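Using the hints, build the complex out of the two chains.
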Amino acid sequence: MTRWGMVIDIGTCVGCQACTVACKTENQSPQDAWYAPVIEWESGVFPDATLNYLPTLCNHCEDAPCVTACPSGAITRRDDGIVIADEDICIGSRACMAACPYGAINFFEDSGTASPPAALAEPQASVPERYAHEKHVHGAISKCTYCAHRIDYGVEHGLEVGVHPLATPACVVSCPAECRIFGDLDDPESNVSRYLTEKGPGQILRPDAGTDPKTKYVNLQ
Amino acid sequence: MSNVDLSPGSRSTPLPQNSFMDQFNLEARTQRVWDLSHAVWFTLMGLGGGVFLAGRILNLTDDLGHWFGIPMVDIVSFVAIAIGGLILVADLGRPLQFWRAFANIRTSWISWGAWSDLVFLTVAGLLVLPELTLGGSQPFNGLGWEADGSDATGLALEILAGAAAVIVMTYAGAVLARPRSIPYWNSPAVPIQFLLSSAATSLATVLLLMAINDQPISGGHMALLGTLTAGLLATMAVHLLTHRDAPGKQQSLNSLLRGPHRRVFVGMVLVVGTLIPTLLAFIGAGVPEARAALSMVAFALLMPGGLLLRLTTLRVGIFPPVHIPSSRQ
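Chains A and B supply the protein sequences, listed in that same order. Just so we're aligned, residue -5 is where the first sequence starts under our numbering, counting upward by one. Just so we're aligned, residue 165 is where the second sequence starts under our numbering, counting upward by one.
Ranges of calculated distance between the beta carbons of each label pair, as one might list FRET restraints:
no. : chain 1 : residue 1 : chain 2 : residue 2 : range
1   : A       : Cys10     : B       : Asp409    : 34 to 40 Å
2   : B       : Asp409    : A       : Gly9      : 30 to 36 Å
3   : A       : Val149    : B       : Asp409    : 44 to 50 Å
4   : B       : Ala398    : A       : Gly194    : 45 to 51 Å
5   : A       : Asp206    : B       : Val330    : 31 to 37 Å
6   : B       : Thr406    : A       : Gly152    : 54 to 60 Å
7   : A       : Glu172    : B       : Val330    : 54 to 60 Å
8   : A       : Cys10     : B       : Ala398    : 49 to 55 Å
9   : B       : Gly384    : A       : Asp80     : 49 to 55 Å
10  : A       : Leu45     : B       : Leu443    : 55 to 61 Å
11  : A       : Cys10     : B       : Leu405    : 44 to 50 Å
12  : B       : Val430    : A       : Cys10     : 43 to 49 Å
13  : A       : Thr70     : B       : Ala398    : 38 to 44 Å
14  : B       : Ala254    : A       : His151    : 43 to 49 Å
In case anyone wonders, no lab produced these hints; they're calculated from the structure. Just so it is clear, the structure is predicted and the values come from calculations on it, not from any experiment. We put the CB at the ideal spot given by N, CA and C, even for glycine.
The following block holds chain B by itself, in its conformation from the complex (with noise of 0.2 Å):
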């Protein structure tokens, strides 16, 4: 006969393999399987996709340095999306099998992502393939459009490339809300939230690169930095105050604002990572020879602060109880 440890903290059983919930109790759940991979996967792809549309918006895809040719923009955008897309793939319980995410793309926005991730990937790739320098030479140059998207083809490439980085930053949060299991998820804030958190992470690291290579920056830029960051502001004062005795969602919010992630989300995420980030935009946007300096230090809040909402979002997922008794309402 085996022994049994039953010291304090000793586990003698594995996980249960049904980590969302605990099947046998009549309680609300916390989620427990989508965490900080996950997170990082949301906030990569936003950041990624944000970045391609803010250079070619900002039209400053030349004046941010380049590297093999490929305007720096670029390169941060395709590494972010190709990490964030290692990752997900990392993070299915059969990696080998991750082509078959594309399947679904009639209703699943995991297949919408991963296609649009391809898609944006291999058309944005293409675009920029005409100026990649090896060796002094441009062996693709001849391939016969402007990666600029100053002529027909090279425009076309770019308005495709730029639909699929709108959708590359907005499905994490639509696999969110779409379904109705988790109550603070399904709502049209968190989509919105991660947008527009993503859109703000994306112009500040434009403009930190802008900074960096000593380029100026414009009152209008850090307007626009800040008419962001005010508008994930409201998305998220909205999210808060509404639907606020649903069940599952009172969870949530309380864990929130009241509970254990309250310091993270209230101190890092509101406060830190997106009102002062706010404060410090509207600043510079005044105070020309600031702007490089408060531009940079928006950047350092607004990138943990993305991220955070992410992680927090993802861990104050709570499930209902499947059914709330009589004597409990």
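Okay, chain A solo, but in the shape it has when bound (with noise of 0.2 Å):
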């Protein structure tokens, strides 16, 4: 069975934010909307200073909070094991914004109009912005999906998927670190499976929401 898994190895990360750049650019995610945030903070006093980078996604979690929150079933877990999200059943609760531990749900503000905002009308508006408008729904939310389209496309069209730019996560072809791993998490022989055996277990965030989550991290510290 095919459990798509991400590995995050945070002692690579940069703290460009290339991937969150990228999936905004792949999703055409809403304005102010981000699916796939780096976080940054400092430690340490000068002159040992030093700023952190947390990569974050949507943990796509086995025991999804989400999915069981939603009075609509407009979230749910594919068979293998993306959660997603369908904009068109989502009445807009929140109650999947509720529940995630991880920040990871974006909700779409009714403006109250069927036409852009008038920032989106305005000459410096971005073709994305503007696109983005008209493809998610006000009123109901969105995530990250994977890039489950992407992943989709590679199985069908015979890619390996993680491996072939076509069929990986926009994130993980964007980092020029290569802090991120995709592939498949109950075959042995995936990237991401490989890169765990190596690397050690994997660590989790927020451990206490016991999510599951198939978003791994390596020298989380």
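Written out as structure tokens, the structure reads:
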């Protein structure tokens, strides 16, 4: 059984936010909605101060609290483990946002008008912003899908998922430091399984939440 | 090129789409989406379900006035739940899709709530329909059951409506308590507090109606009210004193007891909204001539106390950081 997952090696992340931008471009996410932000924080005291980075995204949990909380059934977990949201079914209760311990779900506020807000009508508004406004459903949530459309394309066309650029999440493809690795967690020969074998079992965010995430971290301190 | 207003207080960018969290900072974050409208919704649902149950359990439906032949306690109940439901629908991102909220009854407490609201309003409405009086006649009198539940069909409807009312009173707390994302909410104490607060406020409402209608309030009624509010106080104390150092809950407790919500929570919820009504209720249990006045005061304190309990609970819903670095532990 395929179970897609991601490993993020914090030790190699340089904090360039290329993943953040690649995700935004790939998914045309709504203005100010971020599916894959890189969290930054400082530690230590000068001259031994350090800037730390923590790339994040939906953890695609095995026991996903957003799926449990959603009253309309808009958020579901596919057979391959990817947690996806159907914006047409979403009613905008935002129960999933309160339930997600990772803040990985975004709400596309309804402006109450059928036409784009005035800011998007201005000449400096970017094409992606205009496109996103038409693509995403007002009053509904949106989230990372592990770029399910790319994975499905790869499976359909016999490409190796997690290796071929067209069959790999955009954030993984864009990472110059190769700190994100994607593949089948149930396949011991996949790149992601081999990486975890080499580096250890991997750590998770908010272990107290008991969500069994499929996004795992290496060198998390 | 457009001018950008950089004066203090100006806002050149819209609010973040994810108003629950600032996604680029590693800090504990207060949820900012569920607020006053949700607190009103929770309060009205609890009041509506509780007033129906209190009227039926204490057998007071016929003594507290009628409106179009329907007992006033049932009218209060229906109106509270209907308004609460409308607030819930209005708050949805896509209100016209509200019917989809009934879909995930397998795991979602909001779905349970939607169904219990619908079942309650339908069944309780059917139950009292034979008593509906229009222009001096009762057009539904021949429906075949007694509105006071004194025959088998009426009793079955009453039990079904009562069960739905219990879920209506409980589900809001369960919505908050189930996920582990916000440690202050993730406790059985939250739904128990909401349930006890609803029961106490509902009983106080019924006692208010009794006082208005010159019905005698017994010492048992006042003692029951005092017991409910004392139970609420005890539950709040347990919730405030347990798991105090858990990430997220620590910040919530700081905000409630030492931070910006201190005056409202300690003053209005704990003391004015719960402790004083408890004392008044027990005093009233022993002083028959003061019961009517004391029950009115208790109602006047419990109602805002219950609303503010829910509002402060929502406002101190804090997500701990997604990761706590070893350097900060």
